[in-house]
Amino acid sequence: MTEATPIRILDNPREPSFRPAMDYLIDKRAQQFPDSDDFERLRVQSKQLKQAALSNLPALLEQAEAAMVANGIQVHWAETIEEAQATIHQIMLDTQATTMVKGKSMVSEEIYLNHHLEAHGLRAVETDMGEFIVQLAGETPSHIIMPAIHKSKEDIAALFQAHLDVPYTLDVDELIAIGREQLRTEFEQAGIGLSGVNFIAADTGTLCLVENEGNGRLSTTAPDVHVAITGIEKVVAHLADVPKLIRVLTRSATGQPITTYVNWIHGPRKPEERDGPRAVHLVLLDNGRSQLYQKERQQESLQCIRCGACMNHCPVYTRIGGHAYNTTYPGPIGKILSPHLTSLPDTPDHPKASTLCGACHTVCPVGIPITDLLLDHRAQATLPRREQWIWRFWSMFNRHPRVYRMSLGLMLRLYPLLPKWLGGWTRHRAAPALSHQSLGQKMAARPKKGVQSGAAS
Amino acid sequence: MKQTSKQAAIPADVYVFGTCIVDVAFADAGMDAIAVLESMGIRVHYPEQQTCCGQPAMTSGATEQARAVARAQLRLFPEPWPIVVLSGSCTGMFRHHYTQLFAAPDPDHGLAIDVSSRAVEWMEFLASCPPLVSRNATPVKVVVHTACSAQRETNTRTATESVLGHWEQVQVVTADHATECCGFGGTFSVRYPDISNAMVTDKCDALLATQAERIVSSDCACLMNINGKLAKRQDALQGEHIATLVRDIVLGDRHD
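Quick mapping for you: the protein sequence lines, in order, are chains E and G.
Residues 266 to 722, numbered by this note's numbering, are exactly what the first sequence covers, in order.
Residues 159 to 414, numbered by this note's numbering, are exactly what the second sequence covers, in order.
Read the hints as simulated data drawn from the structure, not as lab findings.
Only a predicted model underlies this, so the values are computations on that prediction, with no experimental measurement involved.
Be aware that a few hints might be false.
As the list claims (entries may be wrong) - Among the chain G residues that face chain E by a calculated CB cut under 8 Å, a handful are: (1) P236; (2) V348; (3) R349.
As the list claims (entries may be wrong) - With a cut-off of at most 30 Å between alpha-carbon atoms, the simulated DSS-like pairs for lysine-lysine come out as follows: (4) E:K685 - G:K390; (5) E:K685 - E:K707; (6) E:K293 - G:K390.
Don't be surprised by glycine CBs; every beta carbon is placed ideally from N, CA and C.
Kindly generate the complete structure, drawing on both the sequences and the hints.
Okay, here's the thing in structure tokens:
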């Protein structure tokens, strides 16, 4: 997958835009953080928790592994997405399962798990309603929290009618009931369940998973085998840290003080227990994260707890939707994370596809300075030759005030005579109206005196 | 509301950094801003050698060129006077990025800290001075477009509210999605013209929907973007630098 054509963001706003859906999420989040000082306090606390964990990441991962193994969780390390695919594939073969039920997991998207399993004749069934819809449509999630946010009620009704042999209905409750009925059968029959992980507590070896539909709980408890997969950055030092992070995660993501389900997974079924999986596996994925970990500035993107608030508040995401990014993680966080994922080709345009408005980092619950990191990416990138020359010329012009003044004066005089075509700018806008005389010229033309009289001119 | 800064005595001297965009496209507004300062009895010093703060190159990743141009500006303000900057995001450049651009051990690190600590956006500067007396009682309904940098890097938003709040005849109305970016973003508007257009279209619609008589902003880059769209659509209004509005209120009607 490497060495391929760079991934680009297309200049293609969607019609209709996501704006109403995003506005709804923005409002719900705002209601949960009515006081900006409180939010700032929570944000500093969460940021410190994540930074403390990251600063001690190698040791915490070892501690977490030991604690999980003691709890009976089998831990697998995957440096690449191929290793992660192979590990899960092998677990599935060992389990003799042919169908996997899946709770929501962006890391499983990152390793193209469904595609890999299907290529080997195995079934993966998405059980999160949004993911289920996206899978039926043969698509990928367009948002990390709301995978099917790009689908209308009408789209979903048509999909269900076409794929599930049910009558067309626009009743949302009926649509959900249809989906649930399908999924019940899958939960009963699947031999293996997969889930993501929101946090790993190193001290107790506990996996924490938040969700609203109960499909996460079913995926992790109904089948005989549960495989969890996540990135190595999800470990925190203490179980007691997790509620503090959940508090900002769910509020930022969906505007809920807490999700309907919070799953705490300690290990497989104990001899005296009547249900639960007989085996629990955790796959820890690297895929570039440990390289990112060594980069002083960019490392901060590993603090991300995947709430999606940066997407909801991003005016660019709102106009183009998640698929336009062509990466697993869309939106502002995707722009700073995707360049580090070794499974992906280059994404040279991603850091440029931003106005640097800062809406993302204003709401980031763990204080990732997204705009600064975008700037850092731009500064690190090698500019195309044409742009290098433009900036060299620009610098020469602006470093020599006499050249600047003379050429500016000439330009302002000629400007009214020039054709008003400035590429992409004038496709949608009139050319800028320039001053007849620059401010510098006007100031230079004034009689030299100190204070003006102070009266009206 | 938070007080942006303590109201201090009016300084006798200030530097004005016009910014390249005011120099080229908003020169009259620049003169209005200076006229208001001078009406307060301030001696305005306009360093002739000034060009650009360096922001366009910095945000485009041309750090070396940005640094070279910014370094030339650092030397223009030898006296310990405030540096009043006439456009919003350029103030943010002075205030937040110069210290990083000239991080130690750069020989100009100390100078950059000094210059950045004195940089103040024009509206912030007014808010830090005693309220200005109005000479023009004509009621006016205005909508303010607050640049992203003004919300994130400077206190322009609260300063604007406090300054315009002094004048009863000024009715300030809020546009829908007021805090959303106008879609300019420097080279973004040229790299992604259609996305940028979707944003500026929504912005113009929201501003016009307020039925305000004047659209004002402290950020000329946003204004160039918004005005380009308004003009292309042949809408009746154009956005103005907020200095033009303040000049009309403080110095009365123009006779020219």
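request  = Please verify that hint: G:R349, Cβ, nearest Cβ of chain E, below 8 Å or not.
outcome  = Nearest chain E Cβ about 6 Å off; hint holds.
request  = Mind checking the CB of G:V348 against every CB in chain E and telling me if the closest is under 8 Å?
outcome  = holds, 5 Å
query = Are E:K685 and G:K390 close enough, with their CA atoms no more than 30 Å apart?
reply = holds, 12 Å
ask   = Should the interface hint for G:P236 be scored as holding, given a Cβ-Cβ cut-off of 8 Å against chain E?
value = Constraint on G:P236 not satisfied, violated at 16 Å.
message = Against the 30 Å threshold, does the CA-CA distance of E:K685 and E:K707 hold or violate the hint?
response = holds, 25 Å
message = For a C-alpha distance cap of 30 Å, please report whether E:K293 and G:K390 respect it.
response = Judged against 30 Å, a Cα distance of about 36 Å means the pair is violated.
Hints 1 and 6 from the earlier list are contradicted by this structure; the remaining hints agree with it.
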